[in-house]
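Protein sequences appear in the order of chains A, B and C. Under the working numbering, think of the first position of the first sequence as 73, with each following residue one higher. Under the working numbering, think of the first position of the second sequence as -11, with each following residue one higher. Under the working numbering, think of the first position of the third sequence as 5, with each following residue one higher.
If you're looking for bench data, these hints aren't it; they were derived computationally from the structure. Any given hint could be a false lead.
[Said to hold, decoys possible] A few chain C positions that, by computed beta-carbon distances, are all more than 12 Å from chain A:
id: 1; residue: Ala88
id: 2; residue: Ile91
id: 3; residue: Thr118
id: 4; residue: Asn148
id: 5; residue: Met150
id: 6; residue: Asn183
id: 7; residue: Leu191
id: 8; residue: Glu200
id: 9; residue: Ile204
id: 10; residue: Ile213
id: 11; residue: Leu230
id: 12; residue: Tyr284
id: 13; residue: Lys301
id: 14; residue: Lys302
id: 15; residue: Asn304
id: 16; residue: Lys305
[Stated by the list, open to error] Okay, the calculated bits of chain C under chain A, using three or more residues with CB under 8 Å as the criterion:
id: 17; segment: 139 to 145
id: 18; segment: 255 to 267
[As the list claims (entries may be wrong)] Straight-line C-alpha distance at most 20 Å; calculated SDA-like pairs for lysine to any residue:
id: 19; chain 1: B; residue 1: Lys(-4); chain 2: C; residue 2: Glu200
id: 20; chain 1: C; residue 1: Lys49; chain 2: A; residue 2: Thr431
id: 21; chain 1: C; residue 1: Lys112; chain 2: B; residue 2: Leu8
id: 22; chain 1: B; residue 1: Lys270; chain 2: C; residue 2: Lys114
id: 23; chain 1: C; residue 1: Lys112; chain 2: B; residue 2: Ala5
id: 24; chain 1: A; residue 1: Lys363; chain 2: C; residue 2: Val157
id: 25; chain 1: B; residue 1: Lys181; chain 2: C; residue 2: Met194
The beta-carbon is built from N, C-alpha and C at its ideal position, and this holds for glycine as well.
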Amino acid sequence: MKKMTKQIVALGLTGLMAVSGLAGCGKAGTTDTNAPSKSGTTNETGSETGSADQGEPISLKWYMAGSGPQADVKTVEAAIDQYLLDTYEMNIDLQIIATDYANYPQKMQMVISSGEEYDICWTSSWNNNYYDNVNKNAFIPLDDLLKENAPELLGSMETSVWDAVKVKGSIYGVPSQQIFPKQNYVVIVKEYADKYGLDVSKVTKLSDLEDFFLQVKKDNPDIYPFAASSNGLLSKHTLAVGLEPIIGLGIPGVFKLGDESLTVYNQFETEEAAQFYDMMHRWVEEGLVRKDAVTVSDNAVPDMKAGKHIAAINATFKPGVEAIESANFGNKEVVFATLSEPYLATDNLVSSLNAISQTSEHPEVAMKFLNLVNTDATLYNLLCFGVEGTHYTVNADGTVTSDDSKGYNPNIDWMLGNQFNALLREGQAPDIWEKTKALNGSAVESKALGFSFDSTPVTNEIASVSAAYDQYGKILETGGADPAQVLPEFREKLKASGADKIIAEMQKQVDEWKSSK
Amino acid sequence: MVQSKQEKIANKVITVALILLALFCVVPILYILSASLSDEIALTREGYSLIPRGFSLEAYKYILESPKSIISAYGVTILVTLAGTAVSLIVTTMLAYVIARKDFRLGRVFAFMIFFSMLFNGGLVPTYIMVTKYFHLKDSLWALMLPYIILPWHVFLMKGFLSDIPTSLIEAAKIDGAGEIKSFFRIIVPISKPALATVGLFIAFTYWNDWYQSMLYIDSSNINSLQFYLYRIMNNIQYLSTSMQAGNITIDIANLPSETARMALCILAAGPMLIIFPFFQKYFVKGLTVGAVKG
Amino acid sequence: MKNTKLVKKRYKMNWGLFILSLPGLAFLLAYYYLPLFGLIIPFKKMDVEKGIFGSEWSGLDNFKFFFNSPDMWTVTRNTICLNAVFICLTLVLSVIVALGLFELSSRKVKIFQTSLFVPYFISWVVGSYVIYALLSPDMGVIPNFMEKLGMTVPNFYSEPKYWPFILTTSYLWKHVGYNTLIFYATLMGMDTAQHEAASIDGANKLQRIRYICMPHMMPTIVLMGLLMIGKIFYSDFGMFWFLPRNSGILYSATDVIDTYVFRMLRVMGNIGMSSAVGLYQSVVGFILVLVTNLIVKKSNKDYALF
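Construct the entire structure; sequences and hints are all you get.
Shown next as structure tokens:
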């Protein structure tokens, strides 16, 4: 009963808030996105929203993924509410609802389809699908909201970035700024590279490592030098073989790198993929890769830690990756060889977005809040790390240490907002964000950057090929099946599932997009 | 009863066969127990065995390091299980008794209705809408408790047991002048103890093993159930190691709980129910119904 | 005269019983019948702005993806065949174990029952680690054992032919304890006097089982069978999803409707499409039970579900 009264009051108030919200608070941020404008934001219209302190705060509900709800989230929410009230005279009641990655898509499907009221949700191309939600009309277009309520946020990223997240001409989500381009690489435990005289600077493609791996295997029969797991290998290696998937590796449809004509190919019919499958199968037979790699969970990290593997590939080379990979290999020293240029495609920009719900009662406030999350470092770090002293400690060099036992350690900076405002974690180099920005700036842009595929005409075919890829793709990528026998079967299955129709539809849309540009 | 030699041999054979079957059921959990007590690196290197690889309590230490979540999860699960089972058992038994009564006019209609609901449901979204928008149960313990008060499966199971009650017994109660409700509580419930114990146990297990309702309806971290706590960790890791993530995002898998910690969680989640089990067993007594008729 | 009285008695409304059923019916209504409006979701093109009722009708569009897919027959076959095997073996084995337990002293029964119930508390995710520990070609207990015996060791995770057996064993491992308890409890409700009389008459164990225990358990066996048949188009998702550990090569033997649809919709989640398959599973299961129930009703009215 109490809850209901509260809801009614909240409902009445939201109307009021929406009106006063339109008048705008926090309009007066500086255009410099990196300097959090703590003092300069007491705004002209402050008195209007200021009256909100006496009233009921506007509640903002934010759904996000991660490892699950944090035990002490209430403290963090309260700290954020207080900070927003003190600094921006924004009287909101933030509710963070965190679910784990595995259940997030399902939970969001319930929340969205049931028409539940909420304000912001995290969405992406790989979890809680952005395009599907836009097709369902789950989000509202943000173009005008951004211009009116979040000019700093709008200015913080290049137009090409905003263009890339557009669907049918409108922006439906705010990308979280972070490392954008992909650059495929291979990582090798240094001890072995040194012992067998491997010069990593000469390694330009994966096959260059075969002799080295064979030598390692000869002396250490218990080691499977090259790590592979149920996550497959090719999705981490597409650029290195010269392909750019349009929706994702599992769905037929790629461009070839450097192809000006933007012809769409079925990747599973290409020579590039076939060669990769052949090599992996050979490596399994030579004992360089586990024959049951496709059943290995946890991305083979426990095996890497235990010293069963000495090399692995990954999709994105980025500043700070040394620490991560070294931890994966049980804190051994590692060396790297990049296998492609840093490359930027549409998919990299829809990998983490925050969208405003169709059911939000006060989208302007939500937009303003997102603006601050992305531009105010203090607010952002409250979200990422919690309250200083309670949830994390600052070390002498300015880096922070946090752990799960303190009750708040979501570890999802890249999901929440502009990662360049994040405090440095222990072990991260001070120039990590500068370097990342430089890498973002230096990336080779895809010719199709900004093109997004509308899958509605081929939904049924996409469902069928997704299942076919799961059945054959990963086992071929990890060498567990003989391509001579299985690849034709796979191609057959794809044909029967309507791969050609998908390719034709993609080509059609690409051509239309090209001519409209 | 005097046992013949033949019967003694038969008993031995049965015992041996059951021992084998029991081992078949128990050995896997011994592997899990042993894994939870193993050293992580040694476990990955050498694989599972019945004797822990390089004995280590690290996994349990890791879980109990921040006991807040797990203690509150235990609390929630125990509370929901106790209260839910009590209410569900009464409501289920009443409904089951009604459809078990062959002389009740609407018995078959009700049975069909229950069966129909077992197969057809509107799907998750409408249920979600009802629970959140109309029942206003989101983020409350009620959301965990109410969905399982009536499960068609339990009703039919109970009906199966109650159908055994001899009609003469009900007739006798009627002659005594007791109304249906009175005779249900005074006569039917006391003589159906084995049935109540069995179905009650199943209901308790349903509550104990449930994670799904928590996933859908609970947003606050302090009302998560134990199974959801476990399930979340297990499935998250499984998801992250099989789903294709966008390439430029790296989710730090190295920081997630190790395999040994996951096994330890499994032991902690299953343990209490196995201890409770024998308590229910004292109600499995032969021939209660008949004794009541005679008495 | 007597006859009409009996009929009257049967058709007179028994309000006492009706009241007893009310709380249960209320929950049934709230959690099962009110949400039934969702049955229109498969026929709608979901639009959040317009809501479920306001969304456009889409005819049978949401059904097409499944019925046109090349694997529809394989997964339907796997679902039915595996489930049929599960149902039969679970019933047979549980009845046998229950009869066995019935013959033993109660102390032994306690230990056995508890052991048989252990697997019921192991989720399939954890179960998949155990099966992997037993079967993995590298360090698996069984392959290592076979190697010691000098046998050629198959790679279980790449040969579909072993999987119907592995899945069945796993299913029984998890469910036999549960079902045994049901039958054991049924036997508990049996008239012991009957047993003693039979034993005095010189009936041996097998005869007693055949002429006293079995007839007593029959209604429960039929009931369980019927209920299980209703769910024959559904499957234990966790088991089929986690045990084969993504080894695609096994899918020809392990893929069932639930897992297949889950994989199809993993990339582009679509509530209409998943509800469409759910409806299909329900309708087929429903028809199957109606038919079986009719057959059962013909042979013995009391055994029928409704």
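Status of each hint after checking the structure:
1. Ala88: holds (24 Å)
2. Ile91: holds (26 Å)
3. Thr118: The assertion about Thr118(C) holds, with a minimum of 31 Å to chain A.
4. Asn148: Given a closest Cβ separation of 14 Å, the condition holds.
5. Met150: It holds; Met150(C) is separated from chain A by about 16 Å at its closest Cβ, greater than 12 Å.
6. Asn183: holds (30 Å)
7. Leu191: holds (41 Å)
8. Glu200: holds (56 Å)
9. Ile204: Holds: least Cβ distance 60 Å, greater than 12 Å.
10. Ile213: holds (44 Å)
11. Leu230: holds (31 Å)
12. Tyr284: For Tyr284(C), whose nearest Cβ neighbour in chain A is about 15 Å away, the distance exceeds 12 Å, so it holds.
13. Lys301: Holds: least Cβ distance 39 Å, greater than 12 Å.
14. Lys302: Lys302(C) clear of chain A: closest Cβ-Cβ about 42 Å, beyond 12 Å.
15. Asn304: holds (43 Å)
16. Lys305: holds (43 Å)
17. 139 to 145: It holds, with 3 qualifying residues against the three required.
18. 255 to 267: holds (count 4)
19. Lys(-4)(B) / Glu200(C): holds (17 Å)
20. Lys49(C) / Thr431(A): holds (18 Å)
21. Lys112(C) / Leu8(B): holds (14 Å)
22. Lys270(B) / Lys114(C): With Cα atoms ~9 Å apart, Lys270(B) and Lys114(C) stay inside 20 Å; holds.
23. Lys112(C) / Ala5(B): Satisfied, since the Cα-Cα distance of roughly 13 Å is no more than 20 Å.
24. Lys363(A) / Val157(C): Roughly 13 Å separates the two Cα atoms, so the pair holds.
25. Lys181(B) / Met194(C): holds (13 Å)
Consistency with the previously given hints is maintained throughout, with no hint failing.
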